[in-house]
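Asker: Given next are the chains, with one letter for each unit.
There are 2 protein chains.
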Amino acid sequence: MSGQESTEFDPTEHPHRRFNPLIGKHVLVSPHRTKRPWKGQTEAPVLAQLPKYDAECYLCPGNTRSGGIQNPKYQDTYVFDNDFPALLSSPLPTQRTSSEPPNPMFTSSPVRGQCKVICYHPRHDLTLARMEVDDIVSVIDGWKGIYIEEGSMLRESSSSEGHVQIFENRGSMMGASAPHPHGQVWTTSYVPDEPATELHHLATYSPPSTPPASHPRGLDGKPHLLLSYAAEEVERKERVVELDESGWVAVVPFWAVWPFEILLLPYKRQIPSILQLTPEEQEGLARIMKKVLVRYDNLFSCPFPYSMGLHQAPLPPIDPTKEVAQTHFHFYPPLLRSASVRKFLVGFEMMGEVQRDLTAEQAATRLRDVSEVHYAEKVGVDQ
Amino acid sequence: MSGQESTEFDPTEHPHRRFNPLIGKHVLVSPHRTKRPWKGQTEAPVLAQLPKYDAECYLCPGNTRSGGIQNPKYQDTYVFDNDFPALLSSPLPTQRTSSEPPNPMFTSSPVRGQCKVICYHPRHDLTLARMEVDDIVSVIDGWKGIYIEEGSMLRESSSSEGHVQIFENRGSMMGASAPHPHGQVWTTSYVPDEPATELHHLATYSPPSTPPASHPRGLDGKPHLLLSYAAEEVERKERVVELDESGWVAVVPFWAVWPFEILLLPYKRQIPSILQLTPEEQEGLARIMKKVLVRYDNLFSCPFPYSMGLHQAPLPPIDPTKEVAQTHFHFYPPLLRSASVRKFLVGFEMMGEVQRDLTAEQAATRLRDVSEVHYAEKVGVDQ
Ligand SMILES: [Zn+2]
Ligand SMILES: [Zn+2]
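For the protein sequence lines, the chains are G and Z, in the order given. Numbering-wise, the numbering used here comes out as the position in the first sequence, counting from 1, plus 462. Numbering-wise, the numbering used here comes out as the position in the second sequence, counting from 1, plus 462.
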């Protein structure tokens, strides 16, 4: 330290750019804009007392959906085909052959796939944050079932690699159509841009120096970007929100875009897909998901809106030992300062690059500082 | 045509993927979801009668902003430094030198820049759509002034290439803080991801075959991606919304993500930045911008929200004849079916890839079908 402190780069003070090696993009960070004292949440806790069953909900057991189909009186999870799917499972139409070379400016190709809905629980008023760990284990079983089934569907009819995108939109701010706990699964006869970009960066990762022996290696014995990253985050601690000894860590990633974005990933070994989870890992995953989501809800004492997604190996599953994929979950919540103040991804962020004020380290600290007990239980809302 | 029509790929019927050669990404298109008849707009026209001057508006002439600074009684455009900038113009802090190789998973670098606001007009109740063409010509002059000035600022202090991002967020849905007509300019000591990606694809464009002699060439005499694209769109017509003989075309691009996204670009010659506009081109640009924005407002009879951004050559301007950049504007409006139904970019779109139902061709048809006269003038709202 010299007398130059005032002009030495300090990422907690100075505008800077961070690099996301998983997708090869940057984020502009403006920490000088968060110098004002953190005002905390000033709104009253959101205690919407939802009924355990809602006759108007198209997802509740026994109710009839808009297409006229009646839901069974399911007791556990319930999977059905989306009544208004963005993808169709019918065979691919044929493309007219042309003698002209393809025009790179007007390239389109037919795709196929399937859109499913998975109800997490029969009870209308629950959320993943307030479900039992065992119930979340059942949800993961439901995801496994769909992943296997969709793999067969694609194998039957395609030679190409496909993808199963498991995700959840929670809250009307994220376009969710109903509060009933549920997620979606879209299968595509190709690997979409986001996971394809990640897989490309995982496959081409080359560390600048040999990682320490304490960092686990990938299934091929080589350094693995996401395993080395998770190991470093566990050591550095400052961005860790939750850690589960079964081998999972939840961090606000160094390159987070959303204010309270979380990356949930294994830190002990490479797990190409949820099919390779041990029972202990699956239970640990359920446990850490619940803990993360309780912290989210407690941050502004509201049902925290988010999009959550699972990235794993493409379909149909090939030899898992040859996979570069590492199972991980992204949580992208839009809230910024309270239950009603959201981040807008507009203007410079659309035209230039994504930007944030709060640093990832500040966000992780805030998430660690809230209670581990759900706010609705504290104020005595009946379960 | 054989008897196989039912299974021959038809992009107006079948789910497909389109490729965006400007950024190397795809969009999933689900046209089968728009088979239902177009319901048009069912809400009453939005006729918010704003005052010509609002004492509470921080952008109106003569008013005092939150920082305590008083706006002059400006008559034309007015440019000032953002009171709460995401970037600072102070000299770059120095980075501690390290003996260790840089860690690709924790890479950050200090950046500098500047954030400015440009009021388009002293009148609180106007928008670009309702301003006179001459007044929009003045706005473009304002942009030119900032571009030159920011270039000098960067040249003085940096050796690296920078970027001037001119943009506008319009409407509270896009996070705009005030209805007063205004835009923003963020200058950065680097080229942000979006324009950098575009410039990379422009620089590496290699057409699969020699384009027709009727397609204009770039300044280097070679085929240019955006010039060939614009020339093809002018010929094909189906995605063209407006065309100005001075050399501008507004299209819903083949690879549009937002329902009524528009790309406004030159089709006659390469124009690296707005500094190279002829007076005729500048006036034509003002004219076509106004026409596009009138169509937007008329689509749902409301002040159409959008983010608009200008991409052009990086800073400091080097020899324009060696530039690959082509001046163009992106318009990203969030509305889908009415003044209140917006598209959410969530779930699969965040985790997989962007998706749309309405095709670019359908969107262009709807924009062409609305009146050229602003709805507020039709119902006799006084200017
Ligand atoms: Zn991922
Ligand atoms: Zn662009």
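Worth flagging that the hints you see were computed from the coordinates, not collected in a lab. No experiment lies behind these values; they were computed from the predicted model shown. Do not rely on the hints blindly, as some may be mistaken.
Stated by the list, open to error - With the Cβ distance kept under 8 Å, some of the chain G side facing chain Z (calculated, not the full set):
1) Lys487
2) Tyr515
3) Leu550
4) Thr569
5) Lys578
6) Ile608
7) Gln627
8) Tyr794
9) Gly814
Glycine included, every Cβ here is placed at the ideal spot set by N, Cα and C.
Asker: If a hint holds in the structure, say so; if it does not, say that too.
Answerer: Comparing the hints with the structure gives:
1. Lys487: Interface hint status for G/Lys487: holds (5 Å vs cutoff 8 Å).
2. Tyr515: 26 Å, violated
3. Leu550: Holds, because the Cβ-Cβ distance from G/Leu550 to chain Z comes to roughly 6 Å (cut-off 8 Å).
4. Thr569: 4 Å, holds
5. Lys578: 12 Å, violated
6. Ile608: 15 Å, violated
7. Gln627: Holds, about 4 Å.
8. Tyr794: 6 Å, holds
9. Gly814: 4 Å, holds
Of the hints listed earlier, those the structure fails to meet are numbers 2, 5, 6, in rising order.
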